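Student: Chains W and P supply the protein sequences, listed in that same order.
Here this note's numbering is used: position 75 in the first sequence is 75, and no number is missing along the way.
Here this note's numbering is used: position 57 in the second sequence is 57, and no number is missing along the way.
Among the hints, erroneous ones may be present.
Covered, in the sense of this in silico footprint (three residues per stretch, anywhere, with C-beta under 8 Å from a C-beta of chain P), are these stretches of chain W [as the list claims (entries may be wrong)]:
1. 30 to 41
2. 73 to 81
3. 128 to 136
4. 209 to 220
5. 226 to 234
Reference listing, derived: stretches of chain P covered by chain W, where coverage requires no fewer than 3 residues with Cβ under 8 Å from a Cβ of chain W [what the hints assert, rightly or not]:
6. 24 to 37
7. 41 to 53
8. 57 to 66
Derived by calculation from the structure, the hints in this document are not laboratory data.
This one's a predicted model, so the numbers in the text were calculated from it and none came from an experiment.
Ideal placement from N, C-alpha and C gives every residue a C-beta, glycine not left out.
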Amino acid sequence: MRDGADADAIPVLGAAAMSPTSVFVTTFLAAAVEVIEMVIIVVGVGSVRGWRSTWLGAGVGLVVLALLVVIFGSALRAVPLDALRLVIGSLLVIFGLQWYRKGIRRVAVNGLRGMGERPASAEGVVTRGVDWTAFVLSFKGVLLEGLEVAFIVVSFGLTAQALSSAALGAAAAFVVVASAGLLARRLVQRIPRSALQLLVGTLLSSFGTFWAVESLGIAWPSDDAAILGLVIWYGVAAAAYVVLLRRGRLATVEVTP
Amino acid sequence: MSTLARWLRAFGRFWYGFIIGDDWTVAATVVAALVVTWLLHLADVEAWWLMPVAAVAATGLNLRRTGR
Chain W
1 MRDGADADAI PVLGAAAMSP TSVFVTTFLA AAVEVIEMVI IVVGVGSVRG
51 WRSTWLGAGV GLVVLALLVV IFGSALRAVP LDALRLVIGS LLVIFGLQWY
101 RKGIRRVAVN GLRGMGERPA SAEGVVTRGV DWTAFVLSFK GVLLEGLEVA
151 FIVVSFGLTA QALSSAALGA AAAFVVVASA GLLARRLVQR IPRSALQLLV
201 GTLLSSFGTF WAVESLGIAW PSDDAAILGL VIWYGVAAAA YVVLLRRGRL
251 ATVEVTP
Chain P
1 MSTLARWLRA FGRFWYGFII GDDWTVAATV VAALVVTWLL HLADVEAWWL
51 MPVAAVAATG LNLRRTGR
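Full structure from sequences and hints, please.
Tutor: Have a look at this one:
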């Protein structure tokens, strides 16, 4: 979702006509979209790289976000969100494509089986100390999406003169979506590691592409729903590359029988 | 080597791995695609499609190059 500039258009709805309940529901739905993106990144990164550093990154991200909200309050609307989106989106798509192509190679060689039991240390993941890759990915996802939620709350809450209802709506969205993410974590961990790396690489590349292009002031067709289109695009391309690699049409890989 | 120098080296190595990884051309393609997307946008040309196409093409070239 675009930043406060769009939310400034909310008076069209008529601030006086907005009851606290409708402010709560509207903010809940708008914030839920952003929190879903946040949770997908955290669950995906944690499943591939391990949870300790991922939680640490998410926790530090939330603390920084809380500090920014406390320090700047309604002045948050002055934060250059597009510049943040450009930096974080570009880094996310560049890094996401690394996991994307590694996942394609591994699925082409091993199929969708056998790698689920592979220990994290075999993937070059740090088992002692902080895994900075997991930390940075998780931190950036939480901070950017959290800032977008804060923008929604501040912009919508102030415009509709119902800041507490807007804050409650966003908090409720966070609790509901984060709880669903915790439940989904067990399901995600059942996915074989090779396929999981491809899946998370696809998601990171999709989010990164969306944010980086959006930061240039370009509107995606169907707004946030374009993320789903990007996931399908990268997913179909990955499937095509896997088939081409397995048939030896793109390059030679040793396929495990 | 001092602690600061070691830390700076590790910091630089981390970001090199994070951005460049095993193939600098993919990162360069993403940056170039973003610049071209922005220029097309300034010229009022619909350009949202360029990044996903460039990213998938760069991946294909990487797979072709590194698979041989």
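Student: Hint by hint, say whether it matches the structure.
Tutor: A quick look at each hint next to the structure:
1. 30 to 41: violated (count 0)
2. 73 to 81: violated (count 0)
3. 128 to 136: n = 3 at 8 Å, threshold three: holds.
4. 209 to 220: holds (count 8)
5. 226 to 234: Result for this restraint: holds, n = 4.
6. 24 to 37: It holds: at least three residues are needed, and the stretch 24 to 37 of chain P offers 6 whose Cβ sits within less than 8 Å of chain W.
7. 41 to 53: This one holds; 5 residues, not fewer than the three required, reach chain W with a Cβ under 8 Å.
8. 57 to 66: Since three or more residues must qualify, the claim that chain W covers the stretch 57 to 66 of chain P holds, with 8 doing so at under 8 Å.
Hint compliance for this structure: hints 1, 2 are broken, all remaining hints hold.
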